[in-house]
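Participant: Sequence:
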Amino acid sequence: FIRLQVLLIRHREAKWLDMTAHWEKTMARRYRKVKLLCRKGIPSSVRARCWPLLCGGQVKMEENRGKYQELHEVPGDPQWVETITKDIHRQFPFHEMFLSPEGPGQQGLLQVLKAYTVYRPQEGYCQAQGPLGALLLMHMPPEQAFWCLVQICEHYLPSYYSPKMEALLLDSEVFVALLRRVCPKALKHLQKHGVGPLLYMPEWFLCLFARTLPFPTVLRVWDVFLSEGEWQQEREQNLKTNTGLHAVLVQLVPFISAGLFSTVLQGNSYVTGTGWLVQSGGGLKE
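Each residue of the sequence shown is one higher than the one before, counting from 1 in UniProt numbering.
No lab work stands behind these hints, which were simulated from the structure alone.
Small disclaimer: the values here were computed from a predicted structure and weren't measured.
You may find that some hints are simply not true.
[Stated by the list, open to error] Calculated pairs, DSBU-like style, for lysine-lysine (alpha carbon to alpha carbon, straight line, at most 30 Å): (1) Lys35 - Lys185; (2) Lys185 - Lys40; (3) Lys67 - Lys185; (4) Lys164 - Lys192.
[To be verified] Pairwise CB distance ranges, derived in the manner of DEER restraints: (5) Phe94 - Gln5: 23 to 29 Å; (6) Arg39 - Arg90: 40 to 46 Å; (7) Leu198 - Phe94: 25 to 31 Å; (8) Pro75 - Arg10: 46 to 52 Å; (9) Lys40 - Gly194: 36 to 42 Å; (10) Leu170 - Ser44: 20 to 26 Å; (11) Val81 - Leu198: 18 to 24 Å; (12) Pro104 - Lys40: 28 to 34 Å; (13) Pro93 - Pro121: 45 to 51 Å; (14) Leu198 - Val6: 42 to 48 Å; (15) Val59 - Gln122: 19 to 25 Å.
Glycine included, C-beta positions come from ideal geometry on N, C-alpha and C.
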């Protein structure tokens with residue numbers, strides 16, 4: 001049985017290596033096949049190669065050669081640098097890559113997040129970007145992780161990390177509609193207890209489940225999200241067109257129904273199961 005598993009993994013690895021070697025042709029002619037394989041899960045050995053291609057980070061990096069180094073050399077806004085420095089030790093603190101303040105994990109994350117504040121000074125830094133950057137750095141070098149982060153923030157989750165988080169608020173309504181379609185019993189149970197989407201959804205979506213789900217599950221969710229989750233249409237059409245969010249939600253229904261996403265209400269705020277505080281006004285902090 002184990003030998004068959006190994007052979008299956010090697011077969012899937014070979015498929016991905018062949019597809020990534022001819023990526024543009026693959027996406028043009030065999031996108032449905034790519035989507036199906038992503039839903040089955042990208043083999044761990046090739047995930048670092050696939051994610052930048054799926055999200056467009058690889059193309060973005062090639063189009064902007066030398067840009068990351070320029071951003072890295074800019075000192076950055078001291079306020080943002082100080083905030084990022086205070087936050088980076090909280091990202092996957094038990095992962096060997098992030099154990100030491102001087103280690104490659106924390107230092108790389110500081111570089112990536114600081115570079116983003118220089119690249120997008122009007123947005124600056126949002127705490128929820130920390131887990132995203134950390135997860136990317138587990139799979140790729142800082143420059144590649146930076147451009148993947150740019151793609152996620154600009155093309156997958158536009159306006160999610162703005163001060164007022166308008167897009168997140170709108171997508172909470174989309175989420176409720178999808179939950180009503182996919183698992184109405186779970187929605188009725190949540191509504192019965194007065195648990196609205198803003199009491200649990202910000203951490204899920206802002207961090208792309210990086211601080212909520214078991215790590216192997218997070219990777220599978222990202223496989224699907226990066227292959228299907230880019231917003232191609234206007235937001236008012238999301239309910240009909242955003243199959244990426246729908247696909248992710250379908251995979252999470254068992255977790256929702258089992259009550260594995262816990263929150264503790266505190267007045268007009270709430271603390272999620274992993275310690276994020278979300279105030280009624282929409283702010284997010286720890």
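Participant: A separate judgement is required for each hint: does it hold in the structure or not?
Facilitator: Against the structure, the hints:
1. Restraint check: the Cα-Cα separation between Lys35 and Lys185 comes to about 28 Å, which is no more than 30 Å; the hinted pair holds.
2. Note on Lys185 and Lys40: the hinted pairing holds, with a Cα-Cα distance of about 27 Å set against a maximum of 30 Å.
3. Using a Cα cut-off of 30 Å, the hinted pair Lys67 and Lys185 is violated, with the two alpha carbons roughly 49 Å apart.
4. Taken as a hint, the Lys164 and Lys192 pair is honoured in the structure, with Cα atoms around 28 Å apart against an allowance of 30 Å.
5. Our hint of 23 to 29 Å for Phe94 and Gln5 holds, since their Cβ atoms are close to 28 Å apart.
6. In this structure the hint that Arg39 and Arg90 lie 40 to 46 Å apart at CB is violated, the actual value being about 31 Å.
7. At about 29 Å, the beta-carbon gap between Leu198 and Phe94 stays in the expected band of 25 to 31 Å.
8. For the pair Pro75 and Arg10, the supplied restraint of 46 to 52 Å holds, since their beta-carbon distance comes to about 47 Å.
9. For the pair Lys40 and Gly194, the beta carbons lie near 38 Å from each other, so the given range of 36 to 42 Å is met.
10. At about 35 Å, the CB distance of Leu170 to Ser44 disagrees with the hint of 20 to 26 Å.
11. Restraint check, Val81 to Leu198: a C-beta distance of roughly 30 Å breaks the suggested window 18 to 24 Å.
12. The hinted window of 28 to 34 Å between Pro104 and Lys40 holds, with their beta carbons roughly 31 Å apart.
13. One distance hint, 45 to 51 Å for the beta-carbon pair Pro93 and Pro121, is violated here, with the actual separation near 29 Å.
14. Under the hint 42 to 48 Å, the C-beta atoms of Leu198 and Val6, about 45 Å apart, fit the expected range.
15. The hinted window of 19 to 25 Å between Val59 and Gln122 holds, with their beta carbons roughly 24 Å apart.
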